[in-house]
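If you read the protein sequences in the order shown, they are chains A and B. Everything in the first sequence is counted per the UniProt record's numbering, starting at 1 for the first residue and increasing by one. Everything in the second sequence is counted per the UniProt record's numbering, starting at 1 for the first residue and increasing by one.
What the hints contain is simulated information worked out from the structure, not anything from laboratory work. A couple of the hints might just be wrong.
Here chain A is said to cover these stretches of chain B; the calculated rule only asks that three of the stretch's residues, wherever they fall, bring their Cβ under 8 Å from a Cβ of chain A [what the hints assert, rightly or not]:
| no. | stretch |
| --- | --- |
| 1 | 329-341 |
| 2 | 371-377 |
Which residues of chain B face chain A? A partial, calculated answer using Cβ under 10 Å [as the list claims (entries may be wrong)]:
| no. | residue |
| --- | --- |
| 3 | TYR266 |
| 4 | TRP269 |
| 5 | SER273 |
| 6 | TYR294 |
| 7 | GLN347 |
| 8 | PRO354 |
| 9 | ARG355 |
| 10 | VAL359 |
| 11 | VAL647 |
| 12 | LYS697 |
Note that CB positions come from ideal geometry on N, CA and C, so glycine has one too.
So you can see what is in the structure, the chains are spelled out below.
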Amino acid sequence: MGRLRQKGKAGAAKAYVTRSASIKKLQCSLADFRRLCILKGIFPREPKSRKRANKGSSAPTSFYYAKDIAYLAHEPVLKKLREHKAFAKKLSRALGRGEWSSAKSLEENKPVYKLDHIIKERYPTFIDAIRDIDDALCMIFLFASLPSNPRIPPSLIENCSRLAAEWQLYVMRSHSLRKAFLSIKGVYYQAEIMDQTVTWLVPYQFTQNIPIDVDVRVMLTFLELYQTLLGFVFFKLYTDAGLVYPPPLDAKKDEVAAGVGAYILQESSQKAEKSAPKIKIVEVDGRQVSGKDVYKTIKSLALSSSNVMDVDVPTVEHNPRDTEEEFIVQPSKSDETASSLPTLQSIEALPPSINTSLFAPYTFWLSRETSRPVFEFLVRSFAGRIGWPSSSGGGSPFDESDESITHVIIDRPVIDQSQEPDEQRARRLKRKHVQPQWVVDCINAGKIILEAPYAQGQILPPHLSPFGEYEGAYNPALLTNDEEAAEGESEDEDVEIEDAEPEDTEALKAVAIAATEDAAALRAAELAAEAAGIDPSAFEKEVAQSRRKSKKNSSNGVDEAEADMNKMLMSNKQKKLYEKVKYSQNKRNLERSKLEEKKKDLQRQKRKEAKT
Amino acid sequence: MALNSKKRKQNDHEELPPSFDEAVNMEMLSDEEGGVDIESDNGDLDDFPELDPDSDENDDEEYESEDEEEEESDSEQLHIFPKVKTVVSDITGQEKRVYPEIEPDYDSDSSTEDTPNRVGDIPMHWYDDLPHVGYDMDGKRILKPARGDELDRFLETVEDPTSWTSAFDKTAQADKPLTAEELDLIRRLYANEVPDAEYDPYEPTTEWFTGKGKKEVMPLSAAPEPKRRWVPSKWEHKKVMKIVRAIRQGRILPNKTKVTSTPQFYSIWGESSSSHAPPLPAPKPPLPTNSESYNPPEEYLPTEEEKKQWEETDPEDRERDYLPEKYSALRLVPGYGRFIKDRFNRQLDLYMAPRVQRVKLNIDPNSLIPKLPSPNSLKPFPTYKSLQVPHASMARCISVSPDGAWVVSGDETGVIALWEVNVGKAVKKWKFNGKIGTVEWCPRADVSYFVVGTEDMLHFIIPPNLPPTVLQLSQSILAPSTLPPVPETPSPVKWSTPSSTVWTDDTAILTIQLPSSSGLPVQIAWHRRGDYLASVSTGGSQGAVWIHQISRRHSQAPFKKVRGKVQLVLFHPIKPCFFVAASFFLTQQYVRMYNLSEQKLLKTLQPGIKWISSMDVHPSGDHLIVGGYDRKLCWFDLELSDKPYKVLRYHTRAIRSLQFHPTYPLFASSSDDGAIQIFHSRIYNDLMTDPLIVPLKILRGHEVTKGLGVLQVKWCSRHPWLVSGGADGAVNVWCS
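Excised from the complex, chain B in its bound form:
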C-alpha cells in the first residue's frame, strides 16, 4: 500500500535526526511502535483489527497505540494538525487530549539545514548574473567559487569517472554526485517503469468485508425489511397480464407476419360512387400521322434544307419532335433515342402545365365577313374612267361647278384649266405665279365664279362664255359700282378690284390680299348661301383662318387665339355652325363645332387620328367623316357621341381627300396608294337605325408619283360621277 510505504519512509526519515527522536521520546514511544508497525505492515496484513463492540475492554495502552497509529496516519495524510494523544486526566478522571509540545528550534523543521547561504528558498537563477550567490549569517556575500573554463570542465569529466553521475547544484555552486536512489529513479524513468521502487503493482487483494468470518452479521439499520422486497409487484403483474390477454386475443402477434407489400386489388368500382363529377380527363396526346411511319410515302421525307432547319430550331419550337425517316425493312428500324424524354415531357405536361379549357374555333372564316348588299344592287356609282385631262404637274386641286357641268383644276405650276365634264377639253387656262393651293366654285346657282388661292392671295375669277344675266350678276356682286363702307377698324386683309375698263377673262375681277406671310391657302370653304367663305392658310398663327364676306367686302379672323394649328374648316350645310379641325401639339387632334350665331363652342369631337387630312359633312348635316394621314377614316354621328361611330382602315397609305355626294348616297375617299374608294352611305331618318356603309368600288388609274397618289376627289352634283386629281398630273372623270 502506498500509504504504508509512505509512512515507513516517514519513519525512516524520522530516524535520521536523533534530536527529534529524543524530543518526542518521553511520550510517544515511537521507536518500538514504529518497528512493530513496520513489521505488521510487512507480514501480518490479515490481522486487521475487527470492529468489535467489545473492544472497549482492551487495555489503555493498546487502545492508545491503535489510536495513535490511526491519528498518525491521518496526520501524515493531512499534515495540518500535530499528533493528538488522549489520556485520562489525573485530576478529573476524564479523558483528555494532549498535544505534543512544540519546540521552537530550527531543528524542529527539517527544512532548516546548516547551509552558509542564507538567502532562503528562492529561485537561485536570480543570482545567475551576479558574482555572489547569496549572503551568509553575517550578511556577507558568499561569492561564487571560481570555476574553470569549458576545457577544464571537459578535462575534469575525462579524469573523474563519477562525473557522469553528478549534477551541478546551484545552491552549493558545485557538482554533486547523485545518490544511488536518484540514479535508480532516473533508470526507472528511462525504462518506463514505475518510478517508485517500493511500489508493487501486483499486491494481493486485501479482503476486508468478504471471506470467511468477515461478513457483516448485524444489520446497519434496525428498520424492518419492507414487504416490497419479497412480494411480487401487483402492477407489474397487471401489465404482464394485459399483454398476455392481448396475445391470447390475437391483438399482439408475437412474430408479426410481414404484410405483403404488393397492393391487394379488389372490385373498387363495385360500390356506388360518390355523386361528385369526375375530374376532366387530361387531354390525350395527338395520334401519330403518316409521317411518323417507319416506311412513309417518300413525299413525307424532309429535304436537306428542312432537316437543317429542324435541327437549328430549338426543341421547344419544333413543330414535330421527330424527323420522318424511311427504312426498307422493319428489322433496320433502330431504337428511338428520345422515347423516355418524350414520356417525361408528357408527364410534365400532365402535372405542371396549366390547363385551360378552350372552345375550339370551328367557324367558317367567311362567316365573319359582314353580309352587305351586293354593290350591283346599289348602282349607280362610278365604275370606269371616262376621260382624262392632263396637267403639267401635280393636279393638287379641282372644283366642280354647282350645276356639275364644268370643272376647274389647278396644278403646282400655277395653271388653272377650265373644262367641261362631258368633253374634257380645256376651254380656258389661267396662269398664276406660284402654286395653286385651292380652287373652289361659288355654290350660288344664279352666279358663276370661282376662287383661286395662291400665295397670300385669293383671286375671284368669272369663267368665260356665260349667259349675260349671270355674268352681269356675278360682276355686280364681285365688283359693285358702289363699294360698301370701309369698316372703322382697319383690317390687314385688302380687297382690291381693278377698274372695269381693264376687265378681261384672263384676270381676276376681285383679289383679296391676305396678310403677308400667311402662306398658301390650302382650303376654301363656302357657306351654302355663297356670301361667306372661309380660307385656311398654311402659315401664320391665328391669321391662318379668315372669314370673308363678299357683300360687305370685309374679312375677319374668327378666332382671336387658337390652341394648336387649324387644319380644316367647314360650314354646316343647314345650321349656322362651323367646324374646325385642329391639331394641338402633336398628340391631340380634335374637331370643334361652333355655333356662329351664338358664338360658342357646341361640341368637341375626338377622332383619334394623328393627322387630320380631310373632312366632310353629310348633306343632312348630322354626320361627319374625317380622314387622316394615318390611313383611318372616322364616321361621326353628331347626334350620337363625341367618339367615332365607325373607324375604317382600308387604304394602305394616307387618306388625302374625302367627299360626300351632294345628292346621291355616296361618298368617296382617295389615298396616296393611288386608289379611290367609293362607298354607299345610306342614312335613315329613323334615329334607331345605324347608317349603312357599303364599300362599292375601288377605282384605280392614278399612278403614284413621289409617294403621292390621288390628291383630291370631287363629285359632280347632278350625276354619280367623280372627278379626281392625281399627283401624276392627270385629272380623271369616273362615270357610272
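Chain A extracted, bound-state conformation:
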C-alpha cells in the first residue's frame, strides 16, 4: 500500500491558483496585477476540473498556472511597480507639505521600468516577434488616428503615428504587401515579412471617440508594450535592410502634412558594408534588388507569361555572376543529394508569388476626395508612382499637369464636362479614370485587370475578400459561371413546355412519375397520355427524367437507411460527437444554401426586370 495522499497537496489543486490568491501572493493591487499580466502575456487557464483546482469549490473564478505566478514574483517590473507605489506616497506627502524642492527631486528620480527583457522573454527569436505583431500594428494605427485628450497625451499619439509611418515605409520599401481589403470596418492589409503573414486593420480617416465602457488604462498598458515591441522589431527590420533607425523626420515636410513622406530613409553605409556578404544588393534603376527579389522576379516572369497578357512586367536585368554565386551547386560525389535541389516541378508547386512591381509602369494621380494615406501606401508598395493635389497634403512628387500620369483614381460621379477647355479634355482623354476599388482588386488579383468596369460613374463589381473563407463555403464567383447557364436552360425549357400545353403538363408529370414504378403501369400511362393527346416524345422524356430521379433517390435512400441503421450501434459518446460534427456541417451547409438561394432569387428578379 502506498502512502496516504493528502488532499490539495498535489495535482490540479497545486498547479492552479485563483486570481485573488495570486494577487495576495504577489502583494500588489489588482490593477498592478492586470498590468503585469498584460505585459508578461500571462492569461488564465481552464483547468480540466474547476472543482478540483479550486479545492472543492465551484465558485466562478479565473485560474492561473501557479508556475506563471511564481515567475511573476521575480519580475523586475513588479519591483518597479512597488517602488512606484512608494514614490507616489512620498510625492503626495511632499506636495501636501508644500516641499516643492523635494517634490521636484522626487519627480526627477521617479522609478521607470523598461520592457526590454520582457520582449526578449516573450519573443526569443525575431520570427516569434513578427508572428505576433498583428495586434500591435492594429493598435498603433488606431491610436495614430485618435484625438488627444487628458488620458491620451499628444506625445503618445505622435509616437504612434511615427511608428505607423515607419512600418508603412518599411513595407513600401521591401515590397512586402500582399493583399488589401476595403471592408466596412476599415482597410485590411496583409504583408509577408520573413515568410510570416502580418495582417493589420487601419480605420478610415474619421475621428474616433473612445466609448465609456472601454477601459483606457488597459488599452494604454497594451500600447506601452506594443510600442516597445514595434520599436525593437522595426530596429531589426531597418538595420537588416541597411537603413538607419529611427529614420529622421523632415520637419518642414511634416509641417505641410506630407505624412509618410516626411521621414527620410537613410542608408547606413558602414552597416551595409558589414552586411554585404550576407545580403547581396544590386542596384537596378536606382533601386536595391536583393537576390531574393531576383529569384522572385524570375518566378513571376514564368507565371505571368502564361496567364497575364496585358501586363508588361519590368524585366530586371540581373547580373549572371551574381546568380551563379547565389546558386553554387557543389559537384556531389553521389547523385542521391540531387533530390534536395529545387527542381522545376518543386518550383512550380510553390504557391504563385505576387508580382510586387505590379504598378511599376504606371503613374497615378489621386483625386482630392480619395484617401491619400491608403492609396499612396498601396500604389507605392507595388512600385507605382503617385501624386496628389496639395489639398491632400504636401510632398507630391509631381503635379496634375504631369504628362506621365496614366491613371487617375477618382471617386466622384460623372458630371457634364462640355464646357471644359480643350487642353483639359485632351488630358482627360489621355488618362484612364478609375475608381479606387480598381487598385485594390488589381493587387488582390495579382495582375492589372480591365479598367472598363471600374471607370468613373460605373456600378462597381462586388469587392470580395482576398483572404478567402473556410473550405466549402459559398463562393459568389463560382455560381455566376456554371449554374446560371444550367438554370437558365432548364428554366427556358420549362417555359417552352408551359407555352405549349399549360393545362396538360401537370397530368403528364403525375402520370410519368407513376409510370416509373412498374411496366404495366407504364403501359397504362402511355395509353392515357395518348388519349390526352400528349406528344409521345415529350412523354418519353418525362418518364426518363422521373426514372432517373427515382433511381437516384432510391440508391441514395438505401445507403442512407443502412447508415442510419448502423448509427444504432454507436456508443453514446460517439453519437454525441457525430451529432456535434453534423451540426456544424449542417449549419455551414445551411448558410451556403441560403446564400445560393438568395443569389438565385436576385438573378431571377434581374432577368424579369430585363425582360420587362
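Got chain A sorted already, so can you dock chain B onto it with the hints?
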C-alpha cells in the same frame, strides 16, 4: 513700564491713609524714597545701577535703599511676605533681617472701611428679595432705603444732569456718581483703546546689556574656550571631499542631464536567446470574409428579418459583430463606430479569457458510424409483408406452433383465430368472454395444443384437423382417464376438465381456474419439455406467478413473497433456471435468475430500464435481451456481467415485444412507433469474441392506433419469417 506704574500707584494709594504712613515712618523713610523713586522712574531710566563688584564699598544707606526698593517691588509682585530690612545688629555686629511690625488694627487693612453694613464681602444679590441689606455693628437690620417707582426714577434722571454718569451701588443702596477715572476707563474701552491710561505702548527700548560701555567684559565661566570653536571640522571636511571626489570622477553630476524618456532600441535579438520554448502565440482573430466588404455581392446583404433578428440578439450572442452593408462608392463609407470597442474586446480576450488548447476535430462524421457487414450479405431475413390477417380489434397476442406452420392470434374482443402461415385464412375461430391476455402453443412436437389466457382462466385447446395419433396423445395428456392424486394441501387453483362426451373443437379440453381477482394472465411461459408452464397475471400480489404442471395437474406459487411486482418470467432453454423480471417500487428494476433444482438465486441483472416490457433468452442460453417501455434494449451476456453488454436505443417509442429466432441468428423487436426492427445476432463459441449485432431491416406496415403500434412479434421456427400483431387489428406475416 507696567511694573513701575503699578508701584507708583501703590505709592499713591499709600499716601492716602496717613495712619499707615505714620506707622511705618520711623523705619522706612518711605516718603522721600518714594518721591525719588518716582523721579528716577520718570526721568533717569538710563541710570540702571551697574552690577559692579566694587559696589560693596557703597554706604549702607544707599545700599539699603537700593535693596529695599528691590524688595519692595518684589513684595509688590508677590504680596506674600512683608518688606524685609537688613540691619547690622548692635549686639553681634552681623547683618540681620528685620521685619516691620504688624499692627493688628482694622486700619492696617485697606479693605476694612467704615461702612455701617457688616455683612462682609458677600454677593449682595442674596439680599435682593429681602427688605434689608445687611446688619450693622449691633446686629440690627439695615433696611433698604425707600426708592421711588419707575416714574420717580425717570423724573430724577431728567432733573439730575449727572444721573447718566451714576450707577446703582448695591452695598450702599444708592446711586453713586462714577469717578472721573472710571468714566475715562469706560471711554477707553468704548474707543478700543488700551484701558490703562498710564500705559504707553511706544516706550523707548531700554538697553541693559548692549550699547556703549554696557557690554559684558568678563566671561561668565572660567573654562577655557574649546578647540572646536575655531578649528574647522575634520569630518565635515571628509564628507565634502567625498562629494568633491565623486563629482570629479563623474559619479555625481551637478546638473543631471535628463535621461530621454523614449526607450532606446537596439538589436535585442542579436544575442543568442535562452533555451526556453517561446510561449504559444495568441490565436489570431479570424480574417474578414466577403460579407465584411464595403461592396459585397448582393446576396450577402441581410433581409429585414435578419436585420431585426441581429438587432434583437445580445451583442455576446451575435454570430457576427457587424451587419453587412453595401456602398456604391468608397467615399460614401462612414467611419466604423465600434472600432475601438472591437479592439478593446480583443485585448480583453488576450489577457482575461482562459485559453484552452483544443484539438480541432477534423474527422469525417461518417467514420464514426461503425462499419458493419452489409445486410445483403446476411440474408435471409424478413423483408416484405406477404399476407395480412385482419382482426376486429387490437391483436394483442399471437403464437406460432412449434412446427412453424400454424398461428393462433387473439384480440381484445375475445376472438382466437387459427390460421396457416402460408395461407392466412382463418381455419377456426374461438370466442371467449373478455379480453385475450395471452396465447401460447405447447412446445412439444408430439402433441399439439395451445393455452389461452383470459380473465382468471387458462384454457387448453386442441386445434382441429389433427392426425389421430397426435390428437389422442394430446387428449390423454390434458385429460387423462385416471386423474393424478389430489395433493394434500388444497391449492387455490382449480383444474377442471369437462367429461369426454361433451368434448368439441369449440371448447377447451382443460381449464385452469386461477384464484379470483388474479386478473388477466399477460404471459405464459412454457418449459422446453412442455410439462411445466408459468403464468403471470396482472392482479394479485404473490398470486401473480403460478407454475403449473400438466402431468400432475398441480399448480404452485414459486414465490412466497415477492418484493415488487413480477412483470415477466422465462424458463432457461437448457438449464433448470428461471428468470423473473420484476419492478421494485418504481425506481429499481431487476431481472433475477433462479436455479429451480437448488432453489436459490443465481444472479441479479440490472438493466437500468424503468419499465421492463419484454424479455427473451437466446437459444444458447447465455444471452438475454430485455426491452423496456423507455425505448431501450439491453443485451446481457450472462457469463460476463450483471450490467448490460450493450444498450441500444433506436425505437422512437416504447418497445413492446422481443424475440430471438429459435434457429436463425436473428432477433426482432417491435415498438409503439409502428416499426419492427430485425437484427442479425451472431454469437460465437469463442468466449473472447463479442457477439455481433447488425441491424438488418426496419419493417413498417402497421399503423399506430391510440398510441400503440406493434404489440407482439413471433418468429416461425423453420423459416426466417416473422408474424406480428398490431394495435390496428392486423396480424402480418413478413417473409424473406
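To see whether the hints hold, each was checked on the structure:
With 10 residues bearing a CB less than 8 Å from a CB of chain A, the stretch 329-341 of chain B meets the requirement of three and the coverage assertion stands. With a threshold of 8 Å between beta carbons, the proposed coverage of the stretch 371-377 of chain B by chain A holds, since 4 of its residues qualify and at least three are required. Interface restraint check for TYR266 of chain B: the shortest CB-CB distance to chain A comes to about 7 Å, inside 10 Å, so the restraint holds. A least Cβ separation of about 5 Å between TRP269 of chain B and chain A falls short of the 10 Å threshold, and the interface hint therefore holds.
Against a cut-off of 10 Å between C-beta atoms, the interface hint on SER273 of chain B holds, since the closest Cβ of chain A lies about 4 Å away. For the restraint placing TYR294 of chain B at the interface with chain A, the shortest Cβ-Cβ distance is roughly 5 Å, inside the 10 Å limit, so the hint holds. Hint on GLN347 of chain B holds. Least Cβ distance to chain A is approximately 5 Å, under the 10 Å limit. Interface restraint check for PRO354 of chain B: the shortest CB-CB distance to chain A comes to about 4 Å, inside 10 Å, so the restraint holds.
Satisfaction of the interface hint for ARG355 of chain B is found here, the shortest Cβ-Cβ separation to chain A being roughly 6 Å, below the 10 Å cut-off. Look at VAL359 of chain B: its Cβ only gets to about 12 Å from chain A, farther than 10 Å, so that hint breaks. Taking 10 Å as the C-beta cut-off, the interface hint given for VAL647 of chain B holds, the closest approach to chain A being about 8 Å. Given hint, LYS697 of chain B at the interface with chain A, holds; its Cβ is 8 Å from that chain's nearest Cβ, closer than 10 Å.
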